[in-house]
Structures are given as structure tokens and as C-alpha cells.
Amino acid sequence: MHRRARLFHIGVSLLATMSLVLTGCGTTGPGGSRDKIQVWALQDPQNEPVINAGLDFFNQSAPVRAELVTYVNDAYKQKLHVSMGSPNAPDVFFNWGGGNLAEFVNANQVVDLSHALAARPEVRDAFLPSVLAVGRISNGQYGLPMNGIQPVVLFYHKGVFADAGLEPPKTWNDLLSLVDAFKSRKITPISLPGSQGWTELMYLEYLLDRIGGPDRFSAIAAQRDGAWRDEAVIRALRMCQELAERGAFGSNFASINYDNTGASKLFATGKAAMFLMGSWEYTSQLSNNPDFVERGDLGWTTFPTVDGGAGDPLNVVGNPANYFSISASSPHVRDATTLLIETLSSDAYVEDRVNSGQVPAVAGVERKLEGTPNAEFATFTYDMVAKAPSFTQSWDQALSPAVGTEMLTNLQKLFLSDITPEEFVEAMEKLS
Amino acid sequence: MTLQTPVFGGARRERPGFVWAAPAAIFFTIFGIVPIVVVLYLSFTKWNGLGAPEWTGITNWRALADDGDALHSIRITGQLTILCWLIQTPLSLLLGVWAAGPQRNRAVLSTLFFLPLLLSTAAIALTWLSLLDPNFGLAASLGSYVGVPDGNFLGSDDRALYAVAAVISWQFVPFHTLLYQAAARQIPVSMYEVAEMDGARTMRQFISITLPQLRNTIIASSVLVVVGSLTYFESILLLTNGGPGTATRVLPLHMYVKGFVGFDMGYASVLAVLLVAVGTTLSVLIVRSTGYHRMNSDREGMSG
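So the protein lines, in turn, are chains A and B. Be aware that the first sequence starts at 1, since it is given in our numbering, and climbs by one per residue. Be aware that the second sequence starts at 1001, since it is given in our numbering, and climbs by one per residue.
Hints are computed from structural coordinates only; laboratory data are not their basis. Check before you lean on any hint, since a few could be wrong.
Within a straight-line C-alpha distance of at most 30 Å, the following computed BS3-like cross-link-like pairs (lysine-lysine) qualify [claimed, not checked]:
id : chain 1 : residue 1 : chain 2 : residue 2
1  : B       : 1046      : A       : 79
2  : A       : 265       : B       : 1046
3  : A       : 79        : A       : 36
4  : A       : 430       : A       : 170
5  : A       : 158       : A       : 79
6  : B       : 1046      : A       : 77
7  : A       : 186       : A       : 265
8  : A       : 183       : A       : 265
9  : A       : 77        : A       : 271
Computed footprint of chain A on chain B; a stretch qualifies when at least three of its residues, placed anywhere within it, have a C-beta under 8 Å from a C-beta of chain A [unchecked claim]:
id : segment
10 : 1115–1122
11 : 1175–1183
12 : 1189–1200
13 : 1262–1275
14 : 1280–1289
Using N, Cα and C, we set each Cβ at its ideal position, and we do this for glycine too.
Extracted from the complex, chain B is given alone in its bound form:
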């Protein structure tokens, strides 16, 4: 074994050393770790944003158990996550695979379809708010065709969450489509050629080749949907402000309302810590349970 010229630190290594990661680590420490530590501290205090925080021990954490709205918002967050996943994954998977085809009309259509990616979340939310106006929007004229003659989407306890999930999905499906399109193009054509020789039809090819080959993309996209749904905030703030009542008040919005509308920073910090914990746990769980972290090759059966 020949001795490599040391680059940094003088030690021999297989992977780049910590110095390589320093810029990212410093950045993450300032904008990630430090705020989390501060928020953890604030969660044990009473503070309205003015003056100095006052240490109150676990009072805020006790209040969490009594806060029906917090438990409710966790449930809403879960429902929204599931809804978003159920809408976005099949849609963007099919669209992505379709858009991966070489035909020109597909290229044109998929370019058009990616347009929502270019719009800001606020613009999208405000546009949909106008479209969903029960008297003057699209909801007024088309509502009766979907069984809602009074156009009451955002103001109904039952429908508001679905409306919000639809708007969010409309915004993010193009992004996930892009992921699937890129991944689908990576699948070797030879696989399909062999399958065709064996007499497999399109449907069979999709199930036996495309889906397994897209496995890691499905996982990556799902992680993004699930963890991302914990941060959906501005669309909901602008569309319903968590209403009617608390029907669409997700955990981040509940935190915002407590912290920046009610100025109860201590309790809002409790919710923030909760959010960090839930987000981390979820992404670790998904990545572990799917074996994604082992980075297995999905070219099983291919030589090379």
C-alpha cells in the first residue's frame, strides 16, 4: 500500500475529513443547531417577545397536555400528510413516467405542466383563494357539479382540508413529476427490450420493470412529501388561516398563532420542539424502514 500525500490534518483517510464539511457544518450550526438550542431554552420560559424571558420550568410543557387544539392540530397534520401523499405520489409517478417518453408532444405538455413550480407559494394561494370564492370564483360556477352548490369549500369543516390538500398538491405535483421523469429516463432501455422479447405488455412492463426501478425515487419523493407536509404553512395561512375554527390548523400554523399572533413565545417554543422531534423521527423512520440508507443498487439483475 502506497502512502498517500496528506491533504488536510496529516491523517490518512478513506473519506474527506471534517474540514471539507466545515462550511456546511458552520452554516448548519448557526442556522440549525443554535436556534434549536435557543428554542429549547425558551420552551421553559414565559416570554411575550418583549423584555427578558422568565424561567418557568416545565409549565409550558404541562400546558401541552391540556391544549386540545395542539392535539387536534397534530391529527390534522397527520391527515394532511396522508392526503397529500395519496394525491401526489400516484399522480406524479404516472405523469413522470409518461413525461419521460421521447415524444415531442410530451415534452411540450410537460413543460407547461411544470409552470406551477415557477410560481411563489403566496401567489398560488391567493389565486386559489379567488378561485374558491363561493360567490364570485370558480367554486360558485363549478361547485354544483361536484355536489357543493353553494361553493362552500374553504368554509366547511369537512371539505376545507381536502381543498387545502388539493391546492398544495397542485403546487408540488410538478416537482415530484420532475423527480420521476429524471429517474424513469435512467432506466436502461435494454430492460424493456428484453421484456418485449419475452412478450410482456406495457402494463406488465410498468409493474415489473418501471415500478421496481423507481423504488428509491418513490422513497425519496415520499420523504419529501411527508417531511415537507410538516412545514406547509403559508398556503394554509393565506387560504383558510387554519379555519373555519381550527379545521385546517396544522401544527406549524398552531405554533405561529401561539407565537406570533398571541405572542406566547414560550408555549410556541414547546410546539416548535415538538415539530423538530416529529420531523426528525419521521424521516429517520421512513429512511430506516425502507432500507434507503443502505444505498442498495436498483440495477438488480443487470451486469456491470
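Just chain A, with the same shape it has in the complex:
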């Protein structure tokens, strides 16, 4: 074999390859037909009918049809991220507001809805301000709330509490003595799916807010120097670690999973007495353990207060809502804007949301909640959010993804006492 001949062959093949690759890049790829407004959302039996009803109403009179495309939860963030820069970007997309939305905004890929809202002040005023605020990024309104509020609630098992003759906690010290009381009864005091860091984050979010108020986290979110080193942060972290070391979550909490309903079942079967979780836990218990809810054993209350804490005990943390945003590359920006403005606060849409068991982030919705099947819990969450001076968004959504993932990893280590609060703070400070 002549060396030159072989080189020639290699060269020809490489050229062929390169031209294939280049032509591949040049075409627009699949999904090129852009005559519809594509609305992306998560697969969710509760959400989809409501969104579809809203789109159907819009489609009756609109020049462009809107269609819903849904994705499973797990891969959605990745899918959205990859497609946003491509010709296959959606026109309207579901998101969590906060830091994730900010990534897209900073890349100039999201439409600012401020002007559209200024033209329709009654739409802007219809949403709860604390919830609308999470869709606001550097003075622009980039997302509008599209579903219910999801504050974090302290659930407790009424049957277990009644058997032990105990009351749900009002203060942090109450909680600590409850931990000891349930431990001596061989009941796991609190169910914690610690294999997933975001469930542990809820304790830190509430504790920091109770101790130092919402400004401490605002400083962290604004990436201010030394914001993590704040005394209040260290104290909140220490309290988290003490709670875990005291045995509040049992010895095997790091093996428990939320997604396979292990933690919810532990709580529903009375093997655990309390469960700090987002308000969606109510609906999930209703479908997974209906007996438990119908027996009236599922109780709920607000997170305990901390003695001497500077934060308002009415403050709430959690997911204010999910949001719809419009991608800047969409050929239908004007129609998509009309779609969002006209649909999301409309009476029909809000009513559908309420009937599906959610509490929309719309002022004055409590009248609509009366008489619905789960009115008691729905009214509780609405009051909780409506009265809250501040609603802090879940930190893992509010922070940039890079910082958020590191935080969750370090939090897992903290709960397992692999690192100290000081080491946690230093690790986070190094990142920002």
C-alpha cells in the first residue's frame, strides 16, 4: 500500500465527512413549520387540561393557533436549555422564574412583557405582587404566573399526635422537644427524603428567614461578597445540622427518596409524625394515600418561629408559582403576548385552576375557593401567601444553576455531618 494513496483516501473521506457535517448544520432541522405558537409545559395531569382549555379559548379568535407540547419533568430543564439557542426553540415556555429564567434573559432570549402589562394595568394588578416579583428580572417582567402557589407547609399526622397527646409545634423549641418525645416512642419525628438535597433546603430556607429575615437571602441571590458568611446563615446551618444529629429524621434519611413516594408513605403510615414539604404534597397524598387524607389525619401548620429571630413569622418560602415566558426568537411574539396577557388572569382560566385543586396566584381568589372539595387546605395556603410580607423563592430555583447544584450537594454533606456549617459557607463563598 502506497502511503500517498492511503492519505488520499483518508483525505477524500474526511472531506465527505466534513461536508456532511457542514450541510447538517446549515439546515433548520425538524420542526421547521412555525405556523403555530408552540407552548411548552410539563406533563402534569392536573395542569394540562387547564392549559388546553385556555389555548382552545384563545384559538377561537386568534390569527395563529397555539398548541401545547408537554415534556416529563426530569429532562425538561436540559431540553429547554439546549433548544433555546436552536431554531427549534418554543414560542412560549414553562419555567420556574428566578435564576433559571435569568440565564435566558441574560442571553437576550426572552421577551420583556413590561410594556404589554403597562397597557393592561388590571392584568398586572390581578396577580399577587410577591408571586409576580419572581418573574421579574432586572426591572423587566419576563414571566407571568401560570399555575398555583406552592408554599412550603409543615404537615403533621393528627393520629400520631393524638396518640401521643402532643400538639403541633409553634416554636423551634417545641419542635426540638417533639423530636425527643417521638424518638422515645420509636416514631421517626420528621420524614425527610434526604437522598434529594432540595428537601433539606426547605429547613435552611425557613430557618434563615426566621432568624434573619428575607434580606439575608436577597444578599446571597445578589451575589454580594460575604453574604454566605453572614452570622444568621451560619446559625441556620448549625440548627439544621443539630436537628439531623438529634435524630429528627431517623438514621436512614439519606436513603429515602421523594420521587418514589417513600417519604410520603412513611408519613402517611404514621411511621413518621411530621413532614415539611411543598403544598403539592396535599394533592399527592390525596392520590397516593386517599384514606389518610379522608380520615382527617393529615394536618398542616406553618413553620415554627425561632425565639429572638428578626424575621416576620408570617413570611413564607417555597415555589411562588411556575411561569410562562415568551422566547425572543419566536416569529409570533405579538400573538404569544396576547395569549399570555388575555389568558392567564382570565376568570375562566382561574376558575379551571381552582377546580383542578390549585390556588392560583391571583388576588381575591379566596371567594372562588369556597365550596371546592379541598377548600380547607386551599384557603390555608392562600391566606398564608396573601398575608405573607415576603415570599422567598426556593433557593435552588432563585440562584443560578451552577451555584444551586453545588449548594444542594453541600447541604447533603451538612445534614450527614460530613462538613461543618463553616466549611459549607466557605465552599459557597468560593463559588460566588
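For this one, chain A is given, so just place chain B on it according to the hints.
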């Protein structure tokens, strides 16, 4: 010497020319070389997946030295590789040799035993996740027999890696058993007959005939285990997501977390390049050090 009719290219040759390899080469270039080149480029940039990558020189590579999690994940990857090899090789070797026997009950049992091969990795991982649930799974009822009364396998810093290695091995042992079974059947029966005449017992036959004859299979299977363990990803993602903390975060998972959860594509590309380098080095090392590439016959002492 007679002149052969040229097939392609007009040149006389001993082996098929490059044209024969072109389809594979083109495929490999598009899906192998091009991505590697792109990833190498990305490793010198800052990119969150949106907009255009921004050239930052060796910043990402500098960050590698400061990333304690990366070094940790390399160590975890090494530990997992060794664990997987230690579990899988003896098990599948013995099972494969046993399954190679002609008896019918062996055929039935080995068919059953190959079932995990048919299941998808995700299904296996999710099944084991439920089995290892500390309150409602098998771990809750059987944990106390293995010294873990609270069933805390996946959530313990010490045990999580062993649990992951066990699940991965459960999945892949059947495949390697298949390799050994096929290889063991290739060993000429005459060798055993001669050994028997010389008075060698079963154990002696296994050590002196079966093991040496399976030498190349052991190497091939080991290469697959070692290089494969660099790509174990979805089982770990679904079982522990690298946790608790970073106790089971192997290098590929670390890359995924940096790239597709934290959207730091530049740094994730550094880890990807590292992974390619380590994988290539490892397989070259194994193949070189064992003489596998010389393709020696293992019918030593046999005529023909």
C-alpha cells in the same frame, strides 16, 4: 507470484484497503472525532449552552486543580472500577464455565440467569431503588441480617458505593458469563480427556486447562469492565444521583452535574476530555501489558 486483479485503488495489497473501512471511518469521524474536537475547543471557553461560547484560554483547566470534587470523583471512579472487576470477574468466570457444561438443567438455569441482560438499565436501577428503600423495600426486612438494621444502604457514605457496585454487577455479570460460556465451549474436549488419563482431578483441570485457555477472554472481559466502568452513569444517576453528598459521584456523573445541571459547559468539557484521555490510556495499557494485541494463539501444545 501472480498478479492479483486489483479491486479498489489499483494497488496490490495484503489487507483490504482504506475504502473498505470508509463507512466505519466516516461514521466514527462524525460521531467520534468531530465531537471530541468540539469538546476540546469548548474546554477553553466559557459557555452555559446559550449564546456563543466565549474564549477564556486555560481558565477551565486551571479550575480543575482547585476542584476537590473532581479529584474525589476520579478516586470514586477508580474504586468503583476495582470493585466491579473484583465482583464480576470471578462470578462470571465460574458461572460461565459452569454454564458451558452440556447438562440440560444448566441450560435452563443459565437462560433464566441471562434475564437481566434483557432489561434496560433504567428499569434495573428503578427496581433496585425500590428494593433498597430503607422503610418499605427489601432493605428494611433483610437489612438486619447483613448488619444494617435501619436499611440505610444508599444513604450511607460507606455503603452506598458497594450498593451501587452490586447493582451494576448484577446487571453485567450475565453478559460476561455469556462471554466465558462461549469461550469455555471452545476448549477442545481432548485436552480434558488427556488430563483425565494423567489422573488430574476437576480442580486441577480447571486451574491447568480452563483458566489458561480462557486467558484472552479474561483480558477481553476485563477491558470491557474497566473501560465500561468509566461510563457507568444512568444506574448511579437514578440510584443515588451521586449522593449522599458526593459519595458515589463518579467522573461521568460529575461531568453531567457540571454540564447539564449547572450548565457550565466549558468546565464540563474539561472533564469530558479527561474522561476520553483516561479511557483511552486505560484500554491501551491493559491491552499492551497483557500482550492481547499480538493475538497469540492459546492453543499452546495443540497440533494443528
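Hints and how they fare:
1. B:1046 - A:79: holds, 20 Å
2. A:265 - B:1046: violated, 44 Å
3. A:79 - A:36: holds, 20 Å
4. A:430 - A:170: The hint is violated at about 36 Å.
5. A:158 - A:79: violated, 42 Å
6. B:1046 - A:77: holds, 20 Å
7. A:186 - A:265: The given pair, whose Cα atoms are some 17 Å apart, holds under the 30 Å limit.
8. A:183 - A:265: Holds - the C-alpha atoms of residue 265 of chain A and residue 183 of chain A are around 19 Å apart, at most 30 Å.
9. A:77 - A:271: Outside the cut-off at roughly 34 Å; violated.
10. 1115–1122: Three-residue rule not met by the segment 1115–1122 of chain B, so violated; n is 0.
11. 1175–1183: Three-residue rule not met by the segment 1175–1183 of chain B, so violated; n is 0.
12. 1189–1200: violated (count 0)
13. 1262–1275: Since three or more residues must qualify, the claim that chain A covers the segment 1262–1275 of chain B holds, with 3 doing so at under 8 Å.
14. 1280–1289: n = 0 at 8 Å, threshold three: violated.
In summary, the structure is inconsistent with hints 2, 4, 5, 9, 10, 11, 12, 14 from the numbered list given earlier, while agreeing with the others.
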